[in-house]
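Novice: For reference, the chains in residue letters:
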Amino acid sequence: MMVTTLAQANKGEQVIVSSILASDLKSKLMELGIIAGRELTVLFHAPFGDPIAVDMEGFVLSLRKSEAELITVMKIPA
Amino acid sequence: MKIALLGNPNTGKSSIFNLLTGLRQHVGNFPGVTVDKKTGSLTIDSVQHELIDFPGTYSIYPHSKDEEVVYSILSDKNHKDYPDLALVVVDASNLRRNLFLFSQVYDLGIPTIMVMNMSDVATRKGISLNQEQLQNAFPAATIVSSNARVGLGKERILEAIKEKELIEHDTFLLNAGLADSTDIASQEAEAEQRYAKINELVKVVEVERKVKTEDSFTNKLDRILIHPIFGYLIFAAILLVIFQFIFSFATIPMDLIDGAFAQLADWTSATLPSGVFTELLSEGIISGIGGVVIFIPQIALLFFFIAILEESGYLARVVFIMDRLMRPFGLNGKSVVPLMSSVACAIPGVMATRTIADWKERMITILVAPLMSCSARIPVYTLLIALVIPETTVGGIFNLQGLVLFALYSLGVIAALFIAIILKWLIRTKEKGFLLLELPSYKTPRWGNVGITVLEKVKVFVLDAGKIILAISIVLWFLASYGPSNSMEEASKNAEKFAIELNLDEDATNDLVSSVKLEKSYIGIMGKTIEPVIQPLGYDWKMGISLITSFAAREVFVGTLATIYAVHDDGEENQPLIEKLRNEQTAEGKPVYNLASGLSLMVFYVFAMQCMATLAVVKRETKSWKWPLIQIGYMGVLAYIGAYITFTLFS
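Line order of the protein sequences matches chains A and B. For the first sequence, position 74 (counting from the first letter as 1) is numbered 92 according to this note's numbering, and the numbering increases by one without interruption. For the second sequence, position 82 (counting from the first letter as 1) is numbered 78 according to this note's numbering, and the numbering increases by one without interruption.
These are calculated hints, taken from the structure and not from any lab test. One or more of the hints may lead you astray.
Stretches of chain A that chain B covers, calculated by requiring three or more beta carbons in the stretch to come under 8 Å of a beta carbon on chain B [said to hold, decoys possible]:
#: 1; region: 38 to 50
#: 2; region: 61 to 68
#: 3; region: 76 to 83
Lysine to any residue pairs mimicking SDA-like chemistry, simulated, CA-CA at most 20 Å apart [stated by the list, open to error]:
#: 4; chain 1: B; residue 1: 216; chain 2: A; residue 2: 74
#: 5; chain 1: B; residue 1: 356; chain 2: B; residue 2: 463
#: 6; chain 1: B; residue 1: 206; chain 2: A; residue 2: 76
#: 7; chain 1: A; residue 1: 44; chain 2: B; residue 2: 174
#: 8; chain 1: B; residue 1: 206; chain 2: B; residue 2: 438
#: 9; chain 1: B; residue 1: 463; chain 2: B; residue 2: 189
#: 10; chain 1: B; residue 1: 208; chain 2: A; residue 2: 74
#: 11; chain 1: B; residue 1: 208; chain 2: A; residue 2: 63
#: 12; chain 1: A; residue 1: 29; chain 2: B; residue 2: 320
#: 13; chain 1: B; residue 1: 73; chain 2: B; residue 2: 48
#: 14; chain 1: B; residue 1: 208; chain 2: A; residue 2: 68
#: 15; chain 1: B; residue 1: 33; chain 2: B; residue 2: 74
#: 16; chain 1: B; residue 1: 193; chain 2: A; residue 2: 76
#: 17; chain 1: A; residue 1: 44; chain 2: B; residue 2: 189
#: 18; chain 1: B; residue 1: 208; chain 2: A; residue 2: 95
#: 19; chain 1: B; residue 1: 199; chain 2: A; residue 2: 26
#: 20; chain 1: B; residue 1: 208; chain 2: A; residue 2: 75
#: 21; chain 1: B; residue 1: 208; chain 2: A; residue 2: 30
#: 22; chain 1: B; residue 1: 216; chain 2: A; residue 2: 32
#: 23; chain 1: A; residue 1: 44; chain 2: B; residue 2: 178
#: 24; chain 1: B; residue 1: 199; chain 2: A; residue 2: 34
#: 25; chain 1: B; residue 1: 428; chain 2: A; residue 2: 32
#: 26; chain 1: B; residue 1: 61; chain 2: B; residue 2: 45
#: 27; chain 1: A; residue 1: 44; chain 2: B; residue 2: 61
#: 28; chain 1: B; residue 1: 208; chain 2: A; residue 2: 66
#: 29; chain 1: B; residue 1: 73; chain 2: B; residue 2: 45
#: 30; chain 1: A; residue 1: 29; chain 2: B; residue 2: 209
#: 31; chain 1: A; residue 1: 44; chain 2: B; residue 2: 463
#: 32; chain 1: A; residue 1: 44; chain 2: B; residue 2: 429
#: 33; chain 1: B; residue 1: 216; chain 2: A; residue 2: 62
#: 34; chain 1: A; residue 1: 44; chain 2: B; residue 2: 192
#: 35; chain 1: A; residue 1: 93; chain 2: A; residue 2: 42
#: 36; chain 1: B; residue 1: 586; chain 2: B; residue 2: 537
Over the 12 Å line for every Cβ pair with chain A, so calculated as not near, a few chain B residues [as the list claims (entries may be wrong)]:
#: 37; residue: 35
#: 38; residue: 77
#: 39; residue: 244
Cβ atoms here follow ideal geometry from the backbone N, Cα and C, with glycine treated the same way.
Could you put together the complete structure from these sequences and hints?
Specialist: Structure representation (structure tokens):
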């Protein structure tokens, strides 16, 4: 299991959230449901690779790369 | 009873609001913030209740100035808008995230009704819910299902409201107290605990979820719409269609309105006894109101299209593909639509910035929107280009006149982006912009919502901005119709004598008299006074007068020039006016309207803020006169410098 950030995840990859870096956005990200243990799938990237769209199983969230950098995840091997 | 309507964004909350209140809606003010307070009334058994539509939020805790409204009301039992009852709209296909806000509201102890909406979306995704388990988790809440898109659920909701009592109950999250809005640590801890409980609950409530997101229709459509090439092409094509519609179809009602008000004004001055009051009524007030009403077709059409884009879900994709491009300019992906709209008319453009949550990004968008060369500039450009730009082709293909027009538009866009960068630098706030945008599933727009949105926007414009526009046009009318002591009457009599000598017909005589009267009026004097200031730009006092009158509206420029040069203006052909202007000479016998002065005027119109209607709307949206004044200021400076450089370069 690789530890990385959501920003590094590729299209189609499934990840599990491990933590969020302390920041202004942390509480907002958590309120959206990005909590340790949550599974996410990267759906696609915008042209230029930024922002990215992530499947939260219930809704699709788009985040800027800089915002995705705050979320540490573990990649689930396919 | 005060009923609060709460819910996440994209849950169909506005559909529910419209369903419950119909047209009995009112837009007011939350004190101290720029968020509009939308309230409506609903009647149950002859008792009227007030329904307050709170901004869509994911949590009670605020992350933006606008969201602070929600927190400040719900955290203070003594607040005058503290609700007696809460309706929380929940998206049935997205239970986990929606239960966060719902459980927060439930834990506040307010009698709560869960409106489980969007059941059709849930079915489409193959989701089935165990409602009993859900009810067990929130024993004191009433759960009602609805499908606002097709208008189902109103009766059930009203029933639930009628029967609702306050029952003492345990909170969903144990030891839940509402944290202070600045206590981030507690908020984060609460988020973690709340979701832990919600995740457990959803495992037993959401019995099935058959359709994977990747296989959904929305996802498949997204692959095309956010494609690096097709995505932008499709967006450009949609914009083109919208503009084509507006430019072709808005002019018909606009001409009708123009004509109708002109006739009304004429009828009034012919029927009522002549005198100051009649003139005020027909030329000041009626024309002024006409000047407000004429914007309605453009506003209605633009918001019609914007509402469709928003309701269908496509707008979020536009923001998604444009965000990266807008960011270097301090703008948000959401700035695209307001800025694009401003190419038709900045008024709906500025009104559309409502959706930009970040205050700084919103302000920058509002401040630069008027630079986007709106359609009112076209009559000015057309006249000046025909006057000073030769009808030749460049490189065998490109029409020179067309190229100049294109250059003027580009100049506006470039200036807008440039100023945006400067403003990004200058305006310092502690709030950092973020995206975190939900991409809702695609759905066909609910036409009822679209209709109500358009109606609401038009109403807000006419009532709020309309007052200011009317006031300013009356002032301008006064300044153009009256002059110091008797100079106007004298000049008028002299002009009539002169007309008899020249054997002019009635129309020509009236034109001559109007021209002379304008010259002697207060505005005429103002024009002559500013002549030394505008001479470096290549203008004379006659242009000066036109510049001042076009402060009301840019297209007035042409009409004023026609009046000054005593050319009969029936609003159709520019030819007679162009002829007159060509022959105009300075004291040294050189043409007044040459390439340099013509281009300089064009550049002036690209940059200058000459639209009282826009200023009125900016004031309304920012709730302060500070920003419209800043706009006049910086755009005026830009216009002066730009025109000066242009004039110097070409002469």
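Novice: Each hint should be assessed against the structure and marked as holding or not.
Specialist: Against the structure, the hints come out as follows:
Figure legend: the region 38 to 50 of chain A, annotated as covered by chain B; annotation consistent (9 residues with Cβ-Cβ distances under 8 Å, at least 3 required). Counting residues of the region 61 to 68 of chain A whose C-beta lies closer than 8 Å to any C-beta of chain B gives 6; at least three are required, and the coverage claim holds. Only when three residues or more bring their CB closer than 8 Å to a CB of chain B does the claim for the region 76 to 83 of chain A stand; here the count is 7, and the claim holds. Note on residue 216/B and residue 74/A: the hinted pairing holds, with a Cα-Cα distance of about 17 Å set against a maximum of 20 Å.
With a C-alpha separation of about 27 Å, the suggested pair residue 356/B and residue 463/B falls outside the 20 Å cut-off, and the hint is violated. In summary, the hint linking residue 206/B to residue 76/A is supported, as the alpha carbons are separated by about 12 Å, within the 20 Å threshold. Taking the CA atoms of residue 44/A and residue 174/B, the gap is near 18 Å; set against the 20 Å cutoff, the hint holds. Taking the CA atoms of residue 206/B and residue 438/B, the gap is near 18 Å; set against the 20 Å cutoff, the hint holds.
Distance hint between residue 463/B and residue 189/B is unfulfilled; the C-alpha atoms sit about 51 Å from each other, more than 20 Å. Using a Cα cut-off of 20 Å, the hinted pair residue 208/B and residue 74/A holds, with the two alpha carbons roughly 11 Å apart. Simply put, residue 208/B and residue 63/A have alpha-carbon atoms about 19 Å apart, close enough for the 20 Å limit, and the pair holds. For the hint linking residue 29/A to residue 320/B, the alpha-carbon distance of about 18 Å falls within 20 Å, and the restraint holds.
Our distance criterion of 20 Å between C-alpha atoms is met by residue 73/B and residue 48/B, whose separation comes to about 16 Å. For the proposed pair residue 208/B and residue 68/A, the alpha carbon gap of about 24 Å is over 20 Å, so the pair is violated. The hinted pair formed by residue 33/B and residue 74/B meets the criterion: a straight-line CA distance of about 18 Å does not exceed 20 Å. Proposed proximity of residue 193/B and residue 76/A is supported: the alpha carbons are some 17 Å apart, at most 20 Å.
Pair hint residue 44/A plus residue 189/B holds up; C-alpha atoms about 15 Å apart against a cutoff of 20 Å. About 19 Å separates the Cα atoms of residue 208/B and residue 95/A, which keeps this hinted pair within 20 Å; it holds. For a cut-off of 20 Å, the pair hint linking residue 199/B to residue 26/A is broken: about 30 Å separates their Cα positions. For a cut-off of 20 Å, the pair hint linking residue 208/B to residue 75/A stands: about 8 Å separates their Cα positions.
Distance restraint check for residue 208/B and residue 30/A: the Cα-Cα separation of roughly 13 Å lies within the 20 Å cut-off, and the hinted pair is therefore satisfied. About 19 Å separates the Cα atoms of residue 216/B and residue 32/A, which keeps this hinted pair within 20 Å; it holds. For a cut-off of 20 Å, the pair hint linking residue 44/A to residue 178/B stands: about 13 Å separates their Cα positions. With a C-alpha separation of about 18 Å, the suggested pairing of residue 199/B with residue 34/A holds against the 20 Å cut-off.
For a cut-off of 20 Å, the pair hint linking residue 428/B to residue 32/A is broken: about 29 Å separates their Cα positions. For the given pair, residue 61/B sits about 28 Å from residue 45/B by alpha-carbon distance, which is inconsistent with the 20 Å threshold. This hinted pair checks out: residue 44/A and residue 61/B have alpha carbons roughly 17 Å apart, not beyond 20 Å. For the hint linking residue 208/B to residue 66/A, the alpha-carbon distance of about 26 Å lies beyond 20 Å, and the restraint is violated.
This hinted pair checks out: residue 73/B and residue 45/B have alpha carbons roughly 19 Å apart, not beyond 20 Å. Proximity of residue 29/A to residue 209/B is assessed by CA-CA distance (about 14 Å); at most 20 Å being required, the pair is judged to hold. Using a Cα cut-off of 20 Å, the hinted pair residue 44/A and residue 463/B is violated, with the two alpha carbons roughly 44 Å apart. Proposed proximity of residue 44/A and residue 429/B is supported: the alpha carbons are some 14 Å apart, at most 20 Å.
The suggested pairing of residue 216/B with residue 62/A holds, with an alpha-carbon distance near 11 Å, which does not exceed 20 Å. Simply put, residue 44/A and residue 192/B have alpha-carbon atoms about 17 Å apart, close enough for the 20 Å limit, and the pair holds. Of the pairs offered as hints, the one joining residue 93/A and residue 42/A is violated, with about 25 Å between alpha carbons and a cut-off of 20 Å exceeded. The suggested pairing of residue 586/B with residue 537/B holds, with an alpha-carbon distance near 16 Å, which does not exceed 20 Å.
For residue 35/B, the condition that its CB be more than 12 Å from all CB atoms of chain A holds, with the nearest at approximately 26 Å. Every Cβ of chain A is farther than 12 Å from the Cβ of residue 77/B; the closest lies at roughly 23 Å, confirming the non-interface assignment. Its beta-carbon lying about 32 Å from the closest one in chain A, residue 244/B satisfies the requirement of being farther than 12 Å from that chain.
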